[in-house]
Amino acid sequence: MKKKSNILIYLALSVLVCIFIFPVIWVVLSSIKDSTELYSWPPKFIPDNPTFENFIAAFEKGNFGTYFLNSTFVTVTATVLTLIINTMAGYALAKYRFKGDTWLLIGFISTLMIPLEVIMTPIFSVISKLGLYNSLWGIIIPPAATPTGVFLIRQYLLTVPDELIEAARIDGAGEWKIFWKLIVPIAKPIISVLAIFSFMWRWDDFIWPLIVISDPTKYTVQLALSNFIGEFNVDWGSLLAMSVVTMIPVLIVFLIFQKQFIQGMATSGMKD
Amino acid sequence: MVEPIIKEHAAIKTAKKSSFRSDKLKRQIVPYFFVLPNFVIFFTFIVVPAIVGLYYSFTDYDGLSEMNFVGIENYKEVFQSSEYWKIFANTFKYAFAVVPLIFICSLGIAMLLIKEIKAKGFFRAIFYWPTMISAIIVGVTWKWIFGDSFGVLNYLIESLGFKPIKWLSDPVFANMTVVVGTIWARIGFFMVIFMAGLQSIPTSYYEAAQMDGASKFRMFRSITLPLLKPTSFLVLILLLIESFKQYPLVLALTGGGPAKQTTYLVQYIYEFGFKKGELGYASAMSVVLFVVIAIFTVIQFKWTKGGTID
Chain A
664 MKKKSNILIY
674 LALSVLVCIF
684 IFPVIWVVLS
694 SIKDSTELYS
704 WPPKFIPDNP
714 TFENFIAAFE
724 KGNFGTYFLN
734 STFVTVTATV
744 LTLIINTMAG
754 YALAKYRFKG
764 DTWLLIGFIS
774 TLMIPLEVIM
784 TPIFSVISKL
794 GLYNSLWGII
804 IPPAATPTGV
814 FLIRQYLLTV
824 PDELIEAARI
834 DGAGEWKIFW
844 KLIVPIAKPI
854 ISVLAIFSFM
864 WRWDDFIWPL
874 IVISDPTKYT
884 VQLALSNFIG
894 EFNVDWGSLL
904 AMSVVTMIPV
914 LIVFLIFQKQ
924 FIQGMATSGM
934 KD
Chain B
2 MVEPIIKEHA
12 AIKTAKKSSF
22 RSDKLKRQIV
32 PYFFVLPNFV
42 IFFTFIVVPA
52 IVGLYYSFTD
62 YDGLSEMNFV
72 GIENYKEVFQ
82 SSEYWKIFAN
92 TFKYAFAVVP
102 LIFICSLGIA
112 MLLIKEIKAK
122 GFFRAIFYWP
132 TMISAIIVGV
142 TWKWIFGDSF
152 GVLNYLIESL
162 GFKPIKWLSD
172 PVFANMTVVV
182 GTIWARIGFF
192 MVIFMAGLQS
202 IPTSYYEAAQ
212 MDGASKFRMF
222 RSITLPLLKP
232 TSFLVLILLL
242 IESFKQYPLV
252 LALTGGGPAK
262 QTTYLVQYIY
272 EFGFKKGELG
282 YASAMSVVLF
292 VVIAIFTVIQ
302 FKWTKGGTID
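Top to bottom, those sequences are chains A and B.
With positions in the first sequence counted from 1, the corresponding number in the numbering used here is that position plus 663.
With positions in the second sequence counted from 1, the corresponding number in the numbering used here is that position plus 1.
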């Protein structure tokens with residue numbers, strides 16, 4: 664009886680797995696087809712002459728290399744910035760008592776309520792006034808102060824006993840040194856969770872680049888892809904190749920940090 | 002709204018009072034220094050735009066000429082525009098298709114995955130992975146499958162002896178493709194939340210029910226559903242907020258067409274603000290959207306005690 668129901672579960676899961684992975688497999692297989700096989704009717708599942716010509720074309724003609732570098736620069740810089748400023752703010756809110764701390768906390772939490780999509784237009788005005796329009800820094804700096812990050816760090820550091828910090832103070836360590844030498848190592852697990860999420864948010868980000876960038880040499884991969892698919896005559900070969908290359912970094916990060924990802928999400932219920 | 006967090010914060014503050022009494026001036030400045038970078042960015046790019054946006058919504062600002070105060074003209078226009086309400090209805094229809102479908106599917110998969118099965122991690126990873134893919138690539142992927150003339154789906158339909166379907170250029174089917182893409186991309190996220198919720202239900206409840214001879218369905222209705230209520234509620238609200246903000250997936254998949262049938266609120270606002278230069282009007286629409294989202298968010302905060310599930 665038990666065995667029978669287990670077989671049914673495996674059957675159901677296997678069918679679901681097929682449905683879930685088919686789209687990606689299909690995109691990957693299509694990306695290594697040559698132009699005749701790509702549109703052949705009936706479609707071929709496995710290509711007869713696998714080729715990398717679409718990938719080469721995307722990098723040579725489509726300027727994809729530039730977009731990829733732009734995205735890499737934005738993702739890495741933004742993640743470093745996010746980690747530093749959020750850990751600092753989270754630490755202050757968890758371990759110090761100062762005038763206005765309650766208001767600050769309320770402020771940070773209430774901004775979770777203002778979705779970026781709602782303030783797109785005025786953000787554009789602010790970005791232009793500050794001279795950040797068409798600059799990669801315009802995508803890097805603004806979303807770095809994520810309330811989710813501050814909150815995550817704060818909640819984690821609340822569990823650290825005050826005595827530990829007091830002891831370091833008695834030993835004569837300065838506040839700045841305490842932060843870097845004591846707090847950062849302690850908070851490492853939560854900082855790495857935030858790092859992984861920040862990587863994914865920035866790499867997959869679309870709305871910020873859309874608002875800030877109009878110069879094609881500054882495009883990120885997501886922006887380039889969205890422009891590419893909007894064209895009248897879509898060059899599917901290059902588009903699919905670019906999509907595959909764009910998926911790879913996230914896939915690698917996911918495979919390495921899968922556990923942290925799912926645990927971090929389940930325990931904090933966080934979204935960007 | 003954020004009472005539990007603030008209360009917790011106040012308690013810590015009182016507890017700390019004694020140990021902080023000896024604070025030197027230097028130590029009182031330090032926390033401001035730690036908070037400053039974050040605060041400056043947060044203030045410049047969230048607080049200021051929010052205020053500016055509210056202000057724009059009462060003007061005829063077009064990005065070029067001088068702006069004039071027009072009172073509630075923009076809001077009047079929003080509420081009188083039949084196109085706006087059509088877009089609003091599109092968004093609602095989309096939300097009311099996506100929310101229950103993702104809810105049921107992710108709960109179903111979560112219930113299968115918390116059973117004692119082999120390769121649990123593998124299955125979980127497969128279902129979760131699409132949530133990592135950017136919305137634009139999700140759109141590319143499904144467009145390649147649904148394509149009217151080149152899509153593999155129409156090939157399957159044809160080879161089964163049916164007429165191919167105009168997935169992307171028929172109004173009803175175009176909305177369906179967006180819903181399918183969303184479901185595929187988002188199930189994993191909510192599945193993980195449901196798994197956490199399901200795991201928090203003590204197994205002893207089920208064991209006791211089993212001894213009393215309760216059926217599987219009875220257990221689901223009398224144990225699982227009631228104890229899963231907080232999680233279910235959180236999932237519902239998060240899903241609703243998410244579907245009201247949908248834009249990138251649609252942009253890649255259908256571009257909002259045919260004839261604005263899959264254009265939802267955020268895309269509509271973007272077009273007015275950035276393409277037609279009607280920033281005042283776009284801001285008024287944003288404020289209306291904000292109110293809708295804020296209502297859901299406040300409910301969510303109240304329920305989850307400020308953003309943490311537990």
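No lab work stands behind these hints, which were simulated from the structure alone.
Be a bit skeptical, because a hint or two may be false.
As the list claims (entries may be wrong) - Within a straight-line C-alpha distance of at most 25 Å, the following computed DSS-like cross-link-like pairs (lysine-lysine) qualify:
#, chain 1, residue 1, chain 2, residue 2
1, B, K87, B, K217
2, A, K851, A, K840
3, B, K119, A, K667
4, B, K261, B, K277
5, B, K121, A, K922
6, B, K217, B, K116
7, A, K667, B, K116
8, A, K922, B, K77
9, B, K230, B, K303
10, B, K164, A, K667
11, A, K881, B, K119
12, B, K261, B, K276
13, B, K246, B, K303
14, B, K217, A, K667
15, A, K792, B, K276
16, A, K707, B, K164
17, B, K277, B, K87
18, B, K230, B, K116
19, B, K167, A, K707
20, B, K87, B, K77
21, B, K8, A, K762
22, B, K94, B, K167
23, A, K840, A, K762
24, A, K792, B, K277
25, A, K881, B, K276
26, B, K119, A, K922
27, B, K217, B, K230
Please read all numbers here as calculations on a predicted model, not as lab measurements.
Results for each hint:
1. A C-alpha spacing of about 44 Å is found between K87 (chain B) and K217 (chain B), which places the hinted pair above 25 Å, so the restraint is violated.
2. Of the supplied pair hints, the one linking K851 (chain A) and K840 (chain A) holds, its CA atoms being roughly 16 Å apart against a limit of 25 Å.
3. Annotation: proposed proximity of K119 (chain B) to K667 (chain A) holds, straight-line Cα distance about 15 Å (limit 25 Å).
4. With a C-alpha separation of about 16 Å, the suggested pair K261 (chain B) and K277 (chain B) falls inside the 25 Å cut-off, and the hint holds.
5. Of the pairs offered as hints, the one joining K121 (chain B) and K922 (chain A) holds, with about 13 Å between alpha carbons and a cut-off of 25 Å not exceeded.
6. In summary, the hint linking K217 (chain B) to K116 (chain B) is supported, as the alpha carbons are separated by about 13 Å, within the 25 Å threshold.
7. Under the criterion of a C-alpha separation no larger than 25 Å, the hint pairing K667 (chain A) with K116 (chain B) is consistent with the structure, at around 14 Å.
8. A threshold of 25 Å between alpha carbons decides the hint, and for K922 (chain A) with K77 (chain B) the separation of about 51 Å lies outside it, so the pair is violated.
9. Under the criterion of a C-alpha separation no larger than 25 Å, the hint pairing K230 (chain B) with K303 (chain B) is consistent with the structure, at around 14 Å.
10. Restraint check for K164 (chain B) and K667 (chain A): the C-alpha separation of about 39 Å exceeds 25 Å, so the hint is violated.
11. Using a Cα cut-off of 25 Å, the hinted pair K881 (chain A) and K119 (chain B) is violated, with the two alpha carbons roughly 47 Å apart.
12. The straight-line distance between the Cα atoms of K261 (chain B) and K276 (chain B) is roughly 15 Å, inside the 25 Å bound, and the hint therefore holds.
13. For the proposed pair K246 (chain B) and K303 (chain B), the alpha carbon gap of about 21 Å is at most 25 Å, so the pair holds.
14. The hinted pair formed by K217 (chain B) and K667 (chain A) meets the criterion: a straight-line CA distance of about 15 Å does not exceed 25 Å.
15. Between K792 (chain A) and K276 (chain B), the direct Cα distance comes to roughly 19 Å. Compliance with the 25 Å bound is thereby established for this hinted pair.
16. A C-alpha spacing of about 20 Å is found between K707 (chain A) and K164 (chain B), which places the hinted pair at or below 25 Å, so the restraint holds.
17. Note on K277 (chain B) and K87 (chain B): the hinted pairing holds, with a Cα-Cα distance of about 19 Å set against a maximum of 25 Å.
18. The hinted pair formed by K230 (chain B) and K116 (chain B) meets the criterion: a straight-line CA distance of about 20 Å does not exceed 25 Å.
19. This hinted pair checks out: K167 (chain B) and K707 (chain A) have alpha carbons roughly 21 Å apart, not beyond 25 Å.
20. Restraint check: the Cα-Cα separation between K87 (chain B) and K77 (chain B) comes to about 16 Å, which is no more than 25 Å; the hinted pair holds.
21. Between K8 (chain B) and K762 (chain A) the alpha-carbon distance is near 16 Å, which keeps this suggested pair within the 25 Å criterion.
22. Between the alpha carbons of K94 (chain B) and K167 (chain B) the distance comes to roughly 20 Å, so the proposed pair stays at or under 25 Å and holds.
23. Of the supplied pair hints, the one linking K840 (chain A) and K762 (chain A) holds, its CA atoms being roughly 23 Å apart against a limit of 25 Å.
24. Restraint check for K792 (chain A) and K277 (chain B): satisfied, since their Cα atoms lie roughly 20 Å apart, inside the 25 Å limit.
25. Under the criterion of a C-alpha separation no larger than 25 Å, the hint pairing K881 (chain A) with K276 (chain B) is consistent with the structure, at around 20 Å.
26. This hinted pair checks out: K119 (chain B) and K922 (chain A) have alpha carbons roughly 17 Å apart, not beyond 25 Å.
27. Only pairs whose Cα atoms come within 25 Å are accepted, and K217 (chain B) paired with K230 (chain B) is accepted, the gap being roughly 18 Å.
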